[in-house]
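Q: One line per chain: the protein sequences are V and U, in this order. Quick note: the first sequence uses numbering that gives the first Met the number 0, first residue 0, plus one each step. Quick note: the second sequence uses numbering that gives the first Met the number 0, first residue 0, plus one each step.
To be clear, the hints were calculated from the coordinates, so they are not data collected in a lab. Treat the hints with care, as some may be off.
Calculated pairs, DSS-like style, for lysine-lysine (alpha carbon to alpha carbon, straight line, at most 30 angstroms) [stated by the list, open to error]: (1) U/1 x V/310; (2) V/310 x U/105; (3) V/183 x U/105.
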Amino acid sequence: MTRIVLQGGTIVDSRGEYDGDVAIENGRVVEVGENLRGDDVIDATGCIVAPGFVDLHAHLREPGKEEAETIETGSRAGAKGGYTALVAMPNTDPPQDSVAVIDFVREQGKRAGLVEVVPSGCITLGRRGEALAPMAELAAAGVRIFTDDGSGVQDELLMRRAMEYGKGLGITLAQHCEVASLTKGAVMNECQCCTSLGLPGWPSIAEELMVYRDIELARLTGARVHFLHLSTARSVELVRAAKHDGLPVTAEVTPHHLSLDETRLTTFDTVYKVNPPLRSPRDIAALRAGVLDGTIDALATDHAPHPRRDKELALDQAPPGMLGLETALGVALGVLQIDVAHLVRVMSINPARIAGIEDRHGRDIEPGAPANLVVFDPHATWQVVPEALASKSRNTPYVGMTMRGRVRHTLFNGAFTVRDGEAQR
Amino acid sequence: MKHLRSIDELGSDGLLRLLDLTNHMVEVNRRPVPKVPALRGRTVVSLFFEDSTRTRLSFETAAKRLSADTMTFSVSTSSVNKGESLRDTVETITDMGVDAFVVRHKSTGIPWQISDWTTASVVNAGDGWHQHPTQALVDCFTVREALGKERFDGLTITIVGDIKHSRVARSNVAAFSMLGANVVLVAPPTLLPPDVSHWPVEVSYRLDDVLARTDILYMLRLQSERMSQGHVPNLREYAETYGLDALRVAKLPPHAVIMHPGPMNRGVEMLIDPSALPNSLIHKQVANGVSVRMAVLFDLLAGESTAANLQQVAT
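So here's chain V without its partners, still in its complex pose:
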């Protein structure tokens, strides 16, 4: 069996930063130390060796919209972005509200073999917000995180029941916070910009009301709640206060909400249409502060591929969403004054824990740990060329931008999925 050695890098995990070589055999880390020998020695000088990234929020589009992405192409995009696990969002067609679909998604992930595809389950049947999905069945099939992502559960009683029922299953409920009656037809943030563009606004309060509601429901029920893609300053404040009260809530933010503001829409380029919408510079500052002070636990991409023809519709008709997996690291390093140890916490350790896969992802790099690892150069720069992306779609808002921070290698269960920046399969 080949013994891989990652040599001369800086190891970063929950214990901090330290220099050392990492030896890998049979899918696991077998040795960490100095001057290790091996059959396949990789020079990691100047690079960070960290547990592979975990994305809590990837739309892989399969089954149902394979024109936009498949589990294989999405997995490849993930591997190129340094990810070893992707939580697959359930708004597929059919949706992930039955064991059959959950099994299908997981099996397709195994077939691709590039990352661990972790299916999330729907909270409600068909994501219709009317009746609970068979959560116990899905939990028995291994689902640890439930969400109706794309829409929030509007009905208070149903959400309360989901939390109470979910608590008995030990699972986490992830909410897309959006009070639908306040965002009908909305295209962009409700702001001065939308006033001038004459575009229907998506007011911040539509998110914040549901964040507040679910914090209070979590207080009532004791259920674990995760807030998806928070986008407003007030949402961050609400979560900060809830954590201060010791409530079991966690939160994520996307790279695009940390980097792009509402004025992008003045170009009328539908690539900037996303849900929740790009917000104000003030919100961006609060989200960044929330990441740095630990209020926000995770960076999650909300990777949302769409085929060209869908994004060529009018702004009010085009589907929301943008690519994220291959640019997340570069955006994070570009916009956050973040030390690498904290970056690894928000991109790997914390999301692995929230997804319930901390036994195999986001682990400390020590003998016995599954070799799910990323090796990246935090200083290397590269340019975003849509044609070079592994995703099947091209809807990245970062076209032509220079990113700092490049994934050199990704190892999934001890095998290279990306080596020298190239996908291996």
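Got chain V; can you put chain U on it based on the hints?
A: This is chain U only, laid out in the frame that chain V set:
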């Protein structure tokens, strides 16, 4: 000028240029045979995805009076109904060799998207709630003509009604203020956009408070669907609070003029027969529509040799 998509893009120099050029077109339209060869051999396509009477007809008339060839794209008979994307449609028409698209669409931004897909000029004939620049040009020209003023410094223009959903309001706020007017918006808060603090306007919720200092009263159409969306409780209440009746006309200064972009909702925002108003500019707005759109098409399509072509228009 390559495109006319918004008043902000046009800028105040462009606005003044087009208004001056319109004077020449008015002269052409007064001739026994109101037709000049300025755009002979040029093709103008009207691409209307929304119903329109006056805008579409005035553009087509304008193009014909300048001797351009015209094509009309009608959504109901087109391949759009066979699932062809807007981009494919635009590229197909571009391939036929056209010089300008005149576009109306219910969605904001479509003229910008189309200009990415074609080499032809794009004229915005109304996009969503966003912009309707030729209406603003028509209105500015009409005010100029009626008041005999080049600029609007010192004039108070009060725009009344559904500002939030109005592309006419957005274009006119920009154009009127570029020409120096003091613009007052009057509407219930539900029919104002979320945040107008950066617009060069005053806001009032009470029409009766501003009538006495209004020089130009600009009434907007209230669409009946606003009621079902909860913007106003009912049309009767709106009419009572914001509709123009004889009492309100009497509160205006004697020199004040009244405008409306049409189509009017009689019994809602217009409670008085506009033809009974001695100081209504509503018919002039329609009449000037052709001359303004001639100026726009001429400026876009003959712009490179404007001076020479102007001679051609003038003779």
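Q: Of the hints stated earlier, which fail here?
A: Violated: none.
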